[in-house]
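Which chain is which? The protein sequence lines are A and B, in order. The numbering used here applies: residue 1 is where the first sequence begins, and numbers increase by one. The numbering used here applies: residue 1 is where the second sequence begins, and numbers increase by one.
Nothing false has been slipped in among the hints.
Pairs of lysine-lysine, BS3-like flavour, derived with a Cα cap of 30 angstroms:
{"no.": "1", "chain 1": "B", "residue 1": "Lys70", "chain 2": "A", "residue 2": "Lys159"}
{"no.": "2", "chain 1": "A", "residue 1": "Lys61", "chain 2": "A", "residue 2": "Lys38"}
{"no.": "3", "chain 1": "A", "residue 1": "Lys146", "chain 2": "B", "residue 2": "Lys38"}
{"no.": "4", "chain 1": "B", "residue 1": "Lys8", "chain 2": "A", "residue 2": "Lys35"}
{"no.": "5", "chain 1": "A", "residue 1": "Lys8", "chain 2": "B", "residue 2": "Lys8"}
Computed from the model, here is a short list of chain B residues facing chain A with C-beta under 8 angstroms:
{"no.": "6", "residue": "Leu95"}
{"no.": "7", "residue": "Lys99"}
{"no.": "8", "residue": "Asn102"}
{"no.": "9", "residue": "Phe108"}
{"no.": "10", "residue": "Leu198"}
Because the hints were derived from the structure by calculation, they are not lab data. What you are looking at is a predicted structure, and each value in this text was computed from that prediction instead of being measured. From the three backbone atoms N, C-alpha and C, an ideal C-beta is built for every residue, glycine too.
Protein chains: 2
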Amino acid sequence: MIDRFSNKVISRLTLYHCVLVDYIEQGINFVSSTKLSKLLNIDDSQIRKDIKLLDYKGKCKVGYSVKDLKEIIEKRLTFSKNKDVFIVGAGNLGLALAKNDNFDYYGFNILALFDSNDLKTGISIDEKQIFHISKLPDLAQRLGVKIAILTVPHSQAQKAANFLIDSGIKYIWNFTQCILDVPEGIHVWNENLIGHFLQLTIDDTQIES
Amino acid sequence: MIDRFSNKVISRLTLYHCVLVDYIEQGINFVSSTKLSKLLNIDDSQIRKDIKLLDYKGKCKVGYSVKDLKEIIEKRLTFSKNKDVFIVGAGNLGLALAKNDNFDYYGFNILALFDSNDLKTGISIDEKQIFHISKLPDLAQRLGVKIAILTVPHSQAQKAANFLIDSGIKYIWNFTQCILDVPEGIHVWNENLIGHFLQLTIDDTQIES
Numbered sequence: 001m002i003d004r005f006s007n008k009v010i011s012r013l014t015l016y017h018c019v020l021v022d023y024i025e026q027g028i029n030f031v032s033s034t035k036l037s038k039l040l041n042i043d044d045s046q047i048r049k050d051i052k053l054l055d056y057k058g059k060c061k062v063g064y065s066v067k068d069l070k071e072i073i074e075k076r077l078t079f080s081k082n083k084d085v086f087i088v089g090a091g092n093l094g095l096a097l098a099k100n101d102n103f104d105y106y107g108f109n110i111l112a113l114f115d116s117n118d119l120k121t122g123i124s125i126d127e128k129q130i131f132h133i134s135k136l137p138d139l140a141q142r143l144g145v146k147i148a149i150l151t152v153p154h155s156q157a158q159k160a161a162n163f164l165i166d167s168g169i170k171y172i173w174n175f176t177q178c179i180l181d182v183p184e185g186i187h188v189w190n191e192n193l194i195g196h197f198l199q200l201t202i203d204d205t206q207i208e209s
Numbered sequence: 001m002i003d004r005f006s007n008k009v010i011s012r013l014t015l016y017h018c019v020l021v022d023y024i025e026q027g028i029n030f031v032s033s034t035k036l037s038k039l040l041n042i043d044d045s046q047i048r049k050d051i052k053l054l055d056y057k058g059k060c061k062v063g064y065s066v067k068d069l070k071e072i073i074e075k076r077l078t079f080s081k082n083k084d085v086f087i088v089g090a091g092n093l094g095l096a097l098a099k100n101d102n103f104d105y106y107g108f109n110i111l112a113l114f115d116s117n118d119l120k121t122g123i124s125i126d127e128k129q130i131f132h133i134s135k136l137p138d139l140a141q142r143l144g145v146k147i148a149i150l151t152v153p154h155s156q157a158q159k160a161a162n163f164l165i166d167s168g169i170k171y172i173w174n175f176t177q178c179i180l181d182v183p184e185g186i187h188v189w190n191e192n193l194i195g196h197f198l199q200l201t202i203d204d205t206q207i208e209s
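Using the sequences and the hints given, assemble the complete structure.
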């Protein structure tokens with residue numbers, strides 16, 4: 001049994017899981033790698049390889065049991081484990097993420113939001129309170145929160161990241177378009193929305209030479 | 001000169017570009033592949049390989065000119081070309097994306113939002129009007145819009161996608177957690193937020209065997 005899947009495997013397993021959730025709702029019991037391949041535009045053999053990593057085998061000519069495969073992915077990707085999270089920056093995107101009631105399912109537990117704007121503090125969004133940013137170090141320590149979603153304006157991103165790191169945050173999900181300069185041991189995921197948009201659309205707008 | 005970069009190259013070039021934008025602001029004139037490597041946690045040799053694809057060479061011992069490299073990436077990734085976009089679903093996330101004034105820079109031009117809720121239609125968000133979804137086919141055709149951002153609730157995602165495709169939309173940036181079943185020739189980018197969150201955090205919560 002491997003300890004940790006590669007990032008690419010985690011990403012693909014999450015996508016398979018999305019299909020399985022929909023299939024459960026639709027009352028579909030089995031799915032083949034060919035069907036997953038068509039839906040996700042991922043190579044058939046890659047899908048079989050990924051699912052083999054779960055030590056799970058499909059049934060010949062029927063495919064994978066939707067229910068079993070869904071449960072195994074949930075277990076191996078630790079959906080049932082609570083992952084406590086702070087949102088830093090209560091702007092439009094921060095509020096939108098706080099209101100996403102889909103996240104709970106994945107163990108993704110948003111505890112509170114933080115902002116430097118006094119006008120926003122004290123308000124609650126879906127039972128999650130917005131605190132002044134100055135309260136973050138104390139709350140992070142008392143609640144043992146190590147994960148933060150960063151949605152502050154670009155110009156404040158590095159300063160906010162430094163503050164989070166000083167407060168004991170180890171994992172930063174970075175939605176700002178700023179690349180953060182962080183010390184070793186701090187994990188950053190750059191949510192590269194612009195990159196994704198370009199990957200989707202760029203074959204429409206031929207590259208100029 | 002290659003016609004189109006691979007998705008991975010596009011993604012990385014966008015990240016390099018983010019660093020270059022910050023460096024211009026900070027008045028830094030040169031950057032090395034080593035520095036980019038450290039900031040982005042991408043292998044040094046990979047960065048040099050990517051930049052070589054742009055037919056651009058750095059200066060020995062000084063590195064890449066920040067200004068030149070930024071301009072070349074912008075040209076090759078067609079930032080100056082307008083890419084007209086509709087947002088479908090004027091919920092929290094749709095509104096947050098509509099309000100992102102950073103997108104313009106990349107040629108990413110949000111023209112309007114659409115929703116099935118009559119209470120939302122007629123309102124404008126940052127000069128972008130929310131129309132009733134029934135107006136989309138006509139507007140898409142008249143304005144020649146081929147790209148849509150899908151931010152409707154999960155339960156309505158497939159139905160909305162079918163409607164978009166019937167209306168001539170060819171590129172769907174899918175923010176719902178639903179995997180869309182689309183015909184050939186339709187391009188979908190699944191914005192796999194859950195997958196990204198898990199990739200960031202999963203080494204914290206050891207995989208159970």
